[in-house]
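Letter by letter, the chains look like this.
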Amino acid sequence: MAFCANCGHETSPQALSCPQCGHPTGVGALTTFEYADFWTRFAGALLDFLILLIPSFVLNISIVPFLGGLLLDFGYHWLMVAYWDGQTIGKRAVGVRVSRPDGTPVDPALAAGRAAMRLVSGFVLLLGFIWAAWDPEKRTWHDMVADTRVYRVTRP
Amino acid sequence: MAFCANCGSEVSDQAPVCPKCGHPRTAPRTGRTEGSAVAALILGILGITTCPLILSIPAVIVGNQARAKIRLDPTLEGDSLARAGVVLGWVGIGLATVGIAIGILALVASVAGLR
Numbered sequence: 004m005a006f007c008a009n010c011g012h013e014t015s016p017q018a019l020s021c022p023q024c025g026h027p028t029g030v031g032a033l034t035t036f037e038y039a040d041f042w043t044r045f046a047g048a049l050l051d052f053l054i055l056l057i058p059s060f061v062l063n064i065s066i067v068p069f070l071g072g073l074l075l076d077f078g079y080h081w082l083m084v085a086y087w088d089g090q091t092i093g094k095r096a097v098g099v100r101v102s103r104p105d106g107t108p109v110d111p112a113l114a115a116g117r118a119a120m121r122l123v124s125g126f127v128l129l130l131g132f133i134w135a136a137w138d139p140e141k142r143t144w145h146d147m148v149a150d151t152r153v154y155r156v157t158r159p
Numbered sequence: 010m011a012f013c014a015n016c017g018s019e020v021s022d023q024a025p026v027c028p029k030c031g032h033p034r035t036a037p038r039t040g041r042t043e044g045s046a047v048a049a050l051i052l053g054i055l056g057i058t059t060c061p062l063i064l065s066i067p068a069v070i071v072g073n074q075a076r077a078k079i080r081l082d083p084t085l086e087g088d089s090l091a092r093a094g095v096v097l098g099w100v101g102i103g104l105a106t107v108g109i110a111i112g113i114l115a116l117v118a119s120v121a122g123l124r
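Residue numbers (my numbering), protein chains in the order written: chain H, 4 to 159; chain P, 10 to 124.
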């Protein structure tokens with residue numbers, strides 16, 4: 004639990020403003036409830052891919068080909084989404100966040116399921132990712148299975 | 010008068026969601042994701058990619074158990090994760106069955122051809 008710096012009212016650690024007086028808590032980013040469009044997500048995913056490119060190459064030649072990179076991809080997306088306010092480095096760069104449909108944070112188990120399903124989305128010629136281009140709620144397969152949404156965020 | 014926990018704009022005490030940003034006014038959902046639903050999904054994926062049958066059968070079992078558990082307990086979530094695990098498990102079993110059938114046919118054909 005956290006407390007408002009202005010009025011001392013107890014606030015949830017995820018709350019961006021105090022529910023009592025409206026003072027910003029300085030935590031996280033505002034959810035706009037606007038679905039992030041395909042090209043924005045593509046740019047974020049591309050950045051994450053480039054960040055993981057060299058480490059996964061090293062893992063692939065040092066552990067097991069193919070499996071090392073997959074494990075790194077799973078671990079990165081799982082832990083970043085679970086413990087960094089629903090964002091990876093790429094998502095933060097393009098200003099989007101993974102949350103549940105009502106804007107509440109994704110818990111670690113759900114983030115693990117989403118990260119696992121993300122691999123399946125990639126296996127089928129990336130069809131599971133491209134799905135977001137025409138889905139009315141801009142969901143990928145991993146968003147559908149985990150029941151998550153990717154919303155645009157703004158910094159207060 | 011209260012204030013939205015997301016955007017800080019003033020909202021009526023009666024409003025179910027913030028009129029400015031749509032953030033729900035009620036306390037965040039307390040539902041936890043059932044861990045075995047995630048386990049079923051991971052088993053289903055591994056069953057297709059690494060070792061079919063050995064992991065696909067547990068994926069179906071664990072997935073169905075997770076779904077039953079989630080159905081009984083309203084505070085648990087993750088039914089669609091478990092369902093994906095069950096589906097991937099059956100796909101893995103199907104692929105393995107087809108593979109074994111082709112293997113047996115090839116064996117029979119080669120034995121018949123030797124005579």
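What the hints contain is simulated information worked out from the structure, not anything from laboratory work.
Predicted model, so just to flag it, every value in this text is computed and none were measured.
Beta carbons: idealized from backbone N, C-alpha and C, even for Gly.
Among these hints, one or two may not hold up.
[Claimed, not checked] Just some of the chain P residues that point at chain H, by a computed CB distance under 10 angstroms:
(1) G17
(2) S21
(3) C30
(4) R41
(5) E43
(6) T58
(7) S89
(8) A110
(9) L114
[What the hints assert, rightly or not] Just the calculated beta-carbon pair ranges, DEER-fashion:
(10) H:I92 to P:A77: 35 to 41 angstroms
(11) P:V120 to H:L128: 47 to 53 angstroms
(12) P:R41 to H:H12: 34 to 40 angstroms
Task: Hint check, failures only - done: 2, 8, 9, 11 and 12
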